[in-house]
Amino acid sequence: MDHETAMQRDRAVTIFEKGQAGRRAFSAPAIDVPERSLDELIPARLRRKSPARLPQVSEPELVRHYVKLSRRNFDLDTGFYPLGSCTMKHNPRLHERVAGLPGHARLHPLQDPARAQGALALMWGLERALSELAGLPHVSLQPSAGSHGELAGVLLTRAYHAEHGEQRRTVLTPDTAHGTNPATVTMAGYEVVKVGTNAEGGVDLDDLRAKADRDTACLMLTNPNTLGLFDPNIAEIVRIVHDVGATAYYDGANLNAIMGISRPGDMGFDIVHFNLHKSFTQPHGGGGPGSGPIAVSERIAPFLPRPVIVRRGGDGTNGSGREFDLDYDRPKSIGRLRGFQGNYGCFVRAYAYICSLGAAGLRDASETAVLNANYLLARLRQLGVTELLPPAYDRICMHEFALTGGPMKHELGIRTLDLAKRLLDHGYHPPTVYFPLLVDEALLVEPTETETKETLDAFAQAVADVLREAREDPEIARNAPYTTPVRRLDEAGAAKHPVLRQAL
Amino acid sequence: MTRYTAVTDADRQAMLEAIGVASVDELFAGIPQEVRAAAPLDLPDGLGEAEVYAHLRELAARNTSVEDEISFLGAGMYDHYVPALIDMLMSRSEFLTPYTPYQPEISQGGLQVMFEYQTAICELTGLEVSNASVYEGPSALAAAAYLAKLTNGRSRFVISRAVHPHARETLVTLCAGYGMSVSEVPVIDGVTDLAAWTSAIDEDVSAVFVSQPNFLGAVEDLGPLIEAARSHGALVVCSADPLTLGILEAPGVLGVDVCVGEGQTLGNRLDFGGPSFGFFAAREEHVRRMPGRIAGETADVDGRRGFVLTLQTREQHIRREKATSNICTSQALNALAGVVYLSWLGREGLVELGELLAARTAYAREKLAALDGVSLLHDQPVVREFAISLGVPDLAAVRRVIARCAVDHVNPGHPLAIDYPEYRDGLLVAVTEQRSRADIDQLAEVLGRALATERAAAETPSGGAEA
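Sequence lines, in order, name chains P and H.
When the letters of the first sequence are read in order and numbered with my numbering, they come out as residues 1 to 504.
When the letters of the second sequence are read in order and numbered with my numbering, they come out as residues 1001 to 1467.
Isolated chain P (complex conformation) (with noise of 0.2 Å):
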């Protein structure tokens, strides 16, 4: 405590707890029509009897309360953030330009669709995009997020089966798989069966094959897989899948290793999620907000969840029309996920980027995502780190890769979690940690193309004197960090006794 730093003795006071009785930073407009007595139009006995209590500050004050905040927070803007499976790229201020010009902040989401031709134009082009890249032809932009994408994935499954007079139990993933797909899996009524990995990373045929059976009613997969690995027999498990009547379903998390290199589409899959606020810049905001547009195969497009876009006019058949319009009129739909649109805000953002990019610059991007990984990972090896943290799965990683801390636990007695404190103190965000679950001690690494050699260069240095300086002296990683706002939290405390709200 001797060496506190200014931002640690400046101890954390919530806005609950400044301000002063009869402050305000609201002026409310004037009551310009007649007065009337709140008794006259609503019972008293529907109204509030005492108020909320609200914080009660200026202006300034809230100011500089939030400024402050914000300021207790690493962001993508100030460092490197290789944070696994979540591609955090750089985020391009045009989109936040673009995205609040009033015609598109300030639209209504239920203004006449013959009075909002301009961004269902801009929905229409970013399905257009989409469906290119995932090599399907139908696309719906509704879901919120990736794990709501997953949702209606499921729930489009199950309504493809329903439709064939089926009724299967259970969903295929991978134990490698990312948490919100066995997630999804039990909130749409089915039971997970688990798919081991063999020993190159990837879907061990064999056990697919002794579980895939005429109770399956999908498989979800990502591929490249949470390891970072591109799965070479994805067409045989796509067939394998297929044989016994069962869907596909590709969760586009790690879509940014493979854009117009390899689609979803051409693997066989039925349908794919992508998250707009990975691959496709829409800033991550500190836990949202994100988009999952879905793409579908041609035997899924029925039951899309609805309004769909639609071209009306022209020659009469959709798709070629000048106007654009929703379509409810879809019998077969599995119905709303949400409620208008979806989160157009994201697909501005969206779809600025795939304009800006174009066909080849969102190829670069993969093939850069995939260069800086690879590349960082031979940085680590030639400094040594390899040694103590070696590739879980030692060959060429896509766009991401997973070490294995067990040497490192081993030989210098720091685990995973201090090796990511410590580099909170040489100003980093860490990459992942303890995920995939079947890595021990495992570290995802995701550079993202949009990083300089030099900082992939200086980050693997980082990591090598961590390492360095923990062969020396392991206490000063376990008791990490130093120079953060805080220092290790009682998360177990947290959990205990929760305080999940201020006592006013």
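Possibly wrong hints are sitting among the right ones.
Stated by the list, open to error - Pair ranges (Cβ atoms, derived):
no.	chain 1	residue 1	chain 2	residue 2	range
1	P	Q20	H	A1452	52 to 58 Å
2	H	D1302	P	H242	55 to 61 Å
3	H	Q1442	P	G321	32 to 38 Å
4	H	L1376	P	D32	21 to 27 Å
5	P	R9	H	E1026	49 to 55 Å
6	P	A210	H	P1040	46 to 52 Å
7	P	D490	H	T1151	28 to 34 Å
8	H	A1022	P	R9	50 to 56 Å
9	P	A114	H	D1042	44 to 50 Å
10	P	G313	H	P1224	46 to 52 Å
11	H	Q1442	P	A114	20 to 26 Å
12	P	R322	H	V1407	39 to 45 Å
Unchecked claim - Below 30 Å or equal to it, Euclidean Cα-Cα: the simulated BS3-like pairs (lysine-lysine) are:
no.	chain 1	residue 1	chain 2	residue 2
13	P	K194	P	K409
14	P	K496	H	K1322
15	P	K211	P	K194
16	P	K49	P	K18
17	P	K211	H	K1322
18	P	K496	P	K409
19	H	K1322	P	K194
20	P	K332	P	K409
21	P	K18	P	K496
Honestly, the hints are just simulated from the structure, not real lab data.
Every residue gets a Cβ at the ideal spot worked out from N, C-alpha and C, and that includes glycine.
Given the structure of chain P, go ahead and fit chain H onto it with the hints provided.
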């Protein structure tokens, strides 16, 4: 190389050498030929920043926003004023660009915002616990349904037909998977039919859903509705408009189990429907079945106050198929706007704004009800939205009237018959603090004229077709 990447030819050469391959293509050698894209992407070439801006500007210009007309559209999203400081805070890199706070030591800003947000939502709803946000309003209601299913395992949901049609449809979509049936209770005089509600609820009912105010703008008398459900042990879920809770009784005080709702009205722009946020608050006994992120207070090793994501054993990344929800990314940035907005309004402002909305809405309601042919669809108390009948034969006629108003740059509201065929000439009119008395007078004049034209056209032998 694009403007967002930085690998020069020299960099690439050095990087490939370090990796030990001859070309970038070699890095992709593990992808079998049969699943390679056969041709380059069929997409246009990339554009410069100024060109992209011009294109997006052109698309924006083809939309009629609430800046281009006097709009009384509501029906779930409302044109409230968003203070400038929210734009500034939401565009700060430190809030805009981080991921979910998995490393709490460098995420105290975002985590404290979540804690403050949860506090504000608890205050507003009168409930004990809140999560850090879900996607948006209708899916928040469906998330509450899943909590009820996990809680009591019963087989049926009962929902008022006065709940937002998007929420009703979302509930049906999302509970189909886990095999629930949904029954709908009709509306009488603009509110949920209490007799039908009471007889629809029995011991098989897992949860009931009601909205405050309801989709028709009416304030529901929640007390008897809640009582009817609780006597059968069903969970009570109320979807509330948070901005009306300055003057309407907090649903938690009245005894609901869960209060959810659309957070757009709290400092978020319209954005053609999203992103906004959904809020989710509940009684304490439900906390371990809540969906999504929850921030909690704790201390660091030196005793400093700090915040972490907590109760994570509910969540998908820990519990996987046994999780209480699959939600991962939610709406942190939009929830930030929500708590900043509530702090900006403040304790008194929330009440004052509610009073202003009620007064302006009452004025508009009386003005429109006085027009020839127009009548109130119900005379229940309202806060910022009301429903009228236009006295025209059908939805097509309502649409023609709206189109005529558009010529005069007025958008009079949302046609109810789109979702409620029984209100064939119904119109839902919303009045925010951004619509002045002069705007309301303009609405009355323009709508009155449009209706007169419609009636005159209907009386002509040609059947109403205009020249």
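So, going through the hints one by one against the coordinates:
1. As the Cβ distance of Q20/P to A1452/H is approximately 55 Å, the hint placing it in 52 to 58 Å holds.
2. At roughly 58 Å, the beta carbons of D1302/H and H242/P sit within the given window of 55 to 61 Å.
3. Checked against the hint of 32 to 38 Å, the pair Q1442/H and G321/P passes, with Cβ atoms roughly 35 Å apart.
4. At about 23 Å, the beta-carbon gap between L1376/H and D32/P stays in the expected band of 21 to 27 Å.
5. At roughly 53 Å, the beta-carbon separation of R9/P and E1026/H lies within the given 49 to 55 Å, and the hint holds.
6. Between A210/P and P1040/H the beta carbon distance is about 40 Å. The supplied range of 46 to 52 Å is therefore violated.
7. In this structure the hint that D490/P and T1151/H lie 28 to 34 Å apart at CB holds, the actual value being about 30 Å.
8. Roughly 55 Å separates the CB atoms of A1022/H and R9/P, a value that falls within the hinted 50 to 56 Å.
9. For A114/P paired with D1042/H, a C-beta distance near 29 Å fails the hint of 44 to 50 Å.
10. Between G313/P and P1224/H the beta carbons are some 51 Å apart, a value that agrees with the proposed interval 46 to 52 Å.
11. Distance hint check: the CB atoms of Q1442/H and A114/P are about 22 Å apart, consistent with the given range 20 to 26 Å.
12. Distance hint check: the CB atoms of R322/P and V1407/H are about 22 Å apart, inconsistent with the given range 39 to 45 Å.
13. Distance restraint check for K194/P and K409/P: the Cα-Cα separation of roughly 29 Å lies within the 30 Å cut-off, and the hinted pair is therefore satisfied.
14. At roughly 20 Å between alpha-carbon atoms, K496/P and K1322/H fall within 30 Å of each other, so this suggested pair holds.
15. The straight-line distance between the Cα atoms of K211/P and K194/P is roughly 9 Å, inside the 30 Å bound, and the hint therefore holds.
16. A hinted pair counts as satisfied when its Cα atoms are at most 30 Å apart, and K49/P with K18/P qualifies at roughly 24 Å.
17. Between K211/P and K1322/H the CA atoms are separated by roughly 21 Å; this keeps the pair inside 30 Å, and the hint holds.
18. Our distance criterion of 30 Å between C-alpha atoms is met by K496/P and K409/P, whose separation comes to about 28 Å.
19. A distance of roughly 14 Å separates the Cα atoms of K1322/H and K194/P; the hinted pair therefore holds under the 30 Å criterion.
20. In summary, the hint linking K332/P to K409/P is not supported, as the alpha carbons are separated by about 55 Å, beyond the 30 Å threshold.
21. Among the hinted pairs, K18/P with K496/P is consistent with the structure: their alpha-carbon atoms are about 28 Å apart, no more than 30 Å.
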